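Here the protein sequences come in this chain order: B and Z.
One point on numbering: in this note's numbering, the residue at position 16 of the first sequence is 16, and numbering is uninterrupted.
One point on numbering: in this note's numbering, the residue at position 195 of the second sequence is 195, and numbering is uninterrupted.
Rather than coming from a laboratory, the hints here were simulated on the basis of the structure.
The model shown is predicted, which means the values in this text are computed figures rather than measured ones.
C-beta atoms are modelled at their ideal positions from N, C-alpha and C, and glycine is treated no differently.
Any given hint could turn out to be false.
[Said to hold, decoys possible] Covered stretches of chain Z (in silico footprint by chain B; criterion: 3 or more residues with CB under 8 Å from a CB of chain B, positions within the stretch not fixed): (1) 95-105; (2) 160-172; (3) 274-282.
Number of protein chains: 2
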Amino acid sequence: MIVTSNIDDLRELLKPHLGHIGFVPTMGALHQGHLSLIKHLGESSFKVMSIFVNPIQFGRNEDLSRYPRPIERDMELCRESGIDLLFTPSNESVYPRGYRTYVEVEDWGNLLCGRVRAGHFRGVATVVLKLFNIVKPSIAAFGWKDAQQGLILRKMVSDLNLDVEIVLCPIVRDSDGLALSSRNAYLTQSERSLAARIPECLQCAGDSYREGLRDFAQIREGMLQHFRKHPEIDVEYIEAVNMDDLEPAIELRVGVLLALAVRIGSTRLIDNWRVGAEPLPFDQ
Amino acid sequence: MIVTSNIDDLRELLKPHLGHIGFVPTMGALHQGHLSLIKHLGESSFKVMSIFVNPIQFGRNEDLSRYPRPIERDMELCRESGIDLLFTPSNESVYPRGYRTYVEVEDWGNLLCGRVRAGHFRGVATVVLKLFNIVKPSIAAFGWKDAQQGLILRKMVSDLNLDVEIVLCPIVRDSDGLALSSRNAYLTQSERSLAARIPECLQCAGDSYREGLRDFAQIREGMLQHFRKHPEIDVEYIEAVNMDDLEPAIELRVGVLLALAVRIGSTRLIDNWRVGAEPLPFDQ
Numbered sequence: 001m002i003v004t005s006n007i008d009d010l011r012e013l014l015k016p017h018l019g020h021i022g023f024v025p026t027m028g029a030l031h032q033g034h035l036s037l038i039k040h041l042g043e044s045s046f047k048v049m050s051i052f053v054n055p056i057q058f059g060r061n062e063d064l065s066r067y068p069r070p071i072e073r074d075m076e077l078c079r080e081s082g083i084d085l086l087f088t089p090s091n092e093s094v095y096p097r098g099y100r101t102y103v104e105v106e107d108w109g110n111l112l113c114g115r116v117r118a119g120h121f122r123g124v125a126t127v128v129l130k131l132f133n134i135v136k137p138s139i140a141a142f143g144w145k146d147a148q149q150g151l152i153l154r155k156m157v158s159d160l161n162l163d164v165e166i167v168l169c170p171i172v173r174d175s176d177g178l179a180l181s182s183r184n185a186y187l188t189q190s191e192r193s194l195a196a197r198i199p200e201c202l203q204c205a206g207d208s209y210r211e212g213l214r215d216f217a218q219i220r221e222g223m224l225q226h227f228r229k230h231p232e233i234d235v236e237y238i239e240a241v242n243m244d245d246l247e248p249a250i251e252l253r254v255g256v257l258l259a260l261a262v263r264i265g266s267t268r269l270i271d272n273w274r275v276g277a278e279p280l281p282f283d284q
Numbered sequence: 001m002i003v004t005s006n007i008d009d010l011r012e013l014l015k016p017h018l019g020h021i022g023f024v025p026t027m028g029a030l031h032q033g034h035l036s037l038i039k040h041l042g043e044s045s046f047k048v049m050s051i052f053v054n055p056i057q058f059g060r061n062e063d064l065s066r067y068p069r070p071i072e073r074d075m076e077l078c079r080e081s082g083i084d085l086l087f088t089p090s091n092e093s094v095y096p097r098g099y100r101t102y103v104e105v106e107d108w109g110n111l112l113c114g115r116v117r118a119g120h121f122r123g124v125a126t127v128v129l130k131l132f133n134i135v136k137p138s139i140a141a142f143g144w145k146d147a148q149q150g151l152i153l154r155k156m157v158s159d160l161n162l163d164v165e166i167v168l169c170p171i172v173r174d175s176d177g178l179a180l181s182s183r184n185a186y187l188t189q190s191e192r193s194l195a196a197r198i199p200e201c202l203q204c205a206g207d208s209y210r211e212g213l214r215d216f217a218q219i220r221e222g223m224l225q226h227f228r229k230h231p232e233i234d235v236e237y238i239e240a241v242n243m244d245d246l247e248p249a250i251e252l253r254v255g256v257l258l259a260l261a262v263r264i265g266s267t268r269l270i271d272n273w274r275v276g277a278e279p280l281p282f283d284q
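Construct the entire structure; sequences and hints are all you get.
Structure, rendered in structure tokens:
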């Protein structure tokens, strides 16, 4: 596995592989969710991963400084997982002095997680556009765990006529159903137990759907009731949106995303279910 | 010369030429200023021009509907000028229903012309980024007439790690010194005579500079006095900025852009002098 932090070197190294580059952009602190993305790049692709904790997607009061950065372990995981090239650029090379260009998928970045994370999706879209311009992948993989991110990036690619295929890959869950996330590492043991209530809650919603309930207001009320039993879980939002336009959905149906964010202690966790299109947390 | 309006067809047609595509994006109503850009693409390049009157760079009260669109004449000029492929996309293909992605070079788009043309440079940056992603040029040429546009596009290319060289080409002027512009066609005969005062005014400023005057406040006062003799010319701004950061310049020196915008009747005209780096209007 080649490792480089230098943009110009990377461009040179990738030239022979143009046209069959597969790319997984990450912020590191890799887990099986990240590693599962690699399998979606296609066997014959030249597999590039980037690890870059992107400062502009963190809000002022967010966890940029404490975000985990276990780079030695990440490199080992990349090596074991068949990554051909690992790109680890510095902040200074990605955002040199005087940097001032940003891309925004308007409105979509202000919904769901965007309501409390102002500027987050602008930061994500901008860094991914830059990484795409540097790496020039034919295919790039992201996880459905960050569903809003995936939909925004797909929209950016389509709107900006970028020549890259975005593959969104199934959520990988722990044995108790909790969606894997680098931020799970912040949880204390008791918080970690509580966090399993999140997929349970989605499971309940999905069970209601399978029993024929469609009205989202009712399903949402059931989910809130579920969380009320655990007042240590602070519900930020539970929403249903059409995946094609991110407009609120009144009824659950295929094509709708049921998404939620909660806080447990100081940790913000998100999860979602693509109605009908994805197994429920405990059916996997 | 190949002519196409279809983005997918264009991509196919350009595939064999990837790596040596030269590109001139325009809004049509071509004049010698546009045609001069073609010579800067390099002899061996495959020369692509686009003609697209980009709606998102026009303000609500601007001249989108009356902007000249002499497409037959433009095609003839392209043919005569050695363009290999002319791309004339429709509004609907560039901005399909639900379009919502925009790129912004922050702050720089709000200065100079941006003070009265809110959103203009966001519209320019967005369409040029899209066109670059579609055409994939190695080199693209723009005119120094639109100096702020050129500097913003160069900054966008650098910030977003785009792999394209931006060449900015000298202003082409009419025999009386007026910078060529598609909008000159709006001028009545008497307005057209008045418009020659614009390059005269830049010439005065340049003459003062050559005589040793550096203080921009004094030079600006001289220029305003020049325009005061012609009250039909409504001065929008006269400013001097450093070209590397667009910060106001107190003194004229190499690296400073002296730029102005005026209105004559309903027509807005711009012009500029890159201090010391460019012949003055009447020295050409």
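Hint-by-hint comparison with the structure:
| no. | hint | in the structure |
| --- | --- | --- |
| 1 | 95-105 | holds (count 8) |
| 2 | 160-172 | holds (count 4) |
| 3 | 274-282 | violated (count 0) |
The structure does not agree with numbered hint 3 stated previously, though it agrees with all others.
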